[in-house]
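The task is simple: from the sequences and hints, build the whole structure.
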Amino acid sequence: MTPGSALARLMKEPQRFRFDAGVRLLMQAAGTPDPAEAVRFRSVPGLGFPGADITAMQPGEEGQPPRLVTPVMGLTGTTGVLPRYYTEILGQTLRDRSRAMHDFVDMLSHRMVAHFARAGVKYRLARAVETARLAPPDAARADALPPDPVATMLLSLTGYGTGHLRGRLAAGTDPLLHYAGLLTMRPRSADRLAALVSDWLGRPVEVVQFAGAWLTLEPDQQTSMPLGRRAGQFNQLGVNAAIGTRAWDVQARVVLRVGPLDRASFAALLPDRPALRRLVSLVRAFLGFETGFAVNPVLAASAVPEMQLGGADGPQLGWNTWLPAPGLGRRRDAGEAVFEAETVEAGDAR
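Using numbering that gives the first Met the number 0, read the sequence shown as starting at 0 and increasing by one per residue.
Worth flagging that the hints you see were computed from the coordinates, not collected in a lab.
Predicted model, so just to flag it, every value in this text is computed and none were measured.
Built from N, CA and C at the ideal position, the CB exists for glycine as well.
DEER-style ranges, computed between Cβ atoms: (1) Thr320 x Gly227: 49 to 55 Å; (2) Gly62 x Asp271: 49 to 55 Å; (3) Asp19 x Gln91: 29 to 35 Å; (4) Arg123 x Glu217: 49 to 55 Å; (5) Arg123 x Asp219: 55 to 61 Å; (6) Gly171 x Ala29: 25 to 31 Å; (7) Pro58 x Met106: 15 to 21 Å.
Rendered as structure tokens:
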């Protein structure tokens, strides 16, 4: 226990702390979300009017939690639920230097006071989240529910309340909780997407709308002419006829322009880096599977490297390679690298 810390002040001057604040400090010190394990609650003997929520703090014996004496609630005392007669008997036994009855009554009331302390956490959202962080995580399951009900409700509002969905997100559940407000809004606009990605990356982001994409036409959706007994389909010129096995849809894709970036930030968003996979999974959670997208990291003109073969940062065609222009400096930012979300997701699945 650090001298001058809040916990040290609680042990020295417990009367200055409210019941909830004192229990909170003891739970954090013990690293447990259960007040019954963090502290032993003792009642105040006698019928005197209590002047504070916590009247005394007693350090626990070796391996035992500290003892907190409180008149907030219990079986005996001025706020006790038992008849006054029992408090008088308790006082008499203490005057006779016998603590058996006092210890027995406190053993019964300890769990009751602990439940009262837990009830004080349940309906305070910030306290509920803070207390849940003290619970040990379920390391055996990546899709395990968070221990606090607030996080569970937020994940349900975002559409990721079930484990089989959370386990597929490379970004994890923390971004879903942090951006739950944006993920629950309808409609999901380009401005909100740009705000989400910009905040998460800490970089300027522009969403280029109507970037378009080629959509593959399934065989039963392709244009064909009548042949023998087989009737044709989708062959009315100017109505539904299309040549080939693909069709251009201008609304099917958006591009996220990120930057301009320095060289390190640009390298972190290459397809073989985990940061891009996490970004793609977060954007997919926002857009859904109806809209395709691509990530376009833009390297600042001053950070474009000279082309050098070999080395740890060797050139990767289509990713970070630009042909040199002797005698000419780079005037525009390098925005040629475009990474399709489907390609990144396919590589992550492998």
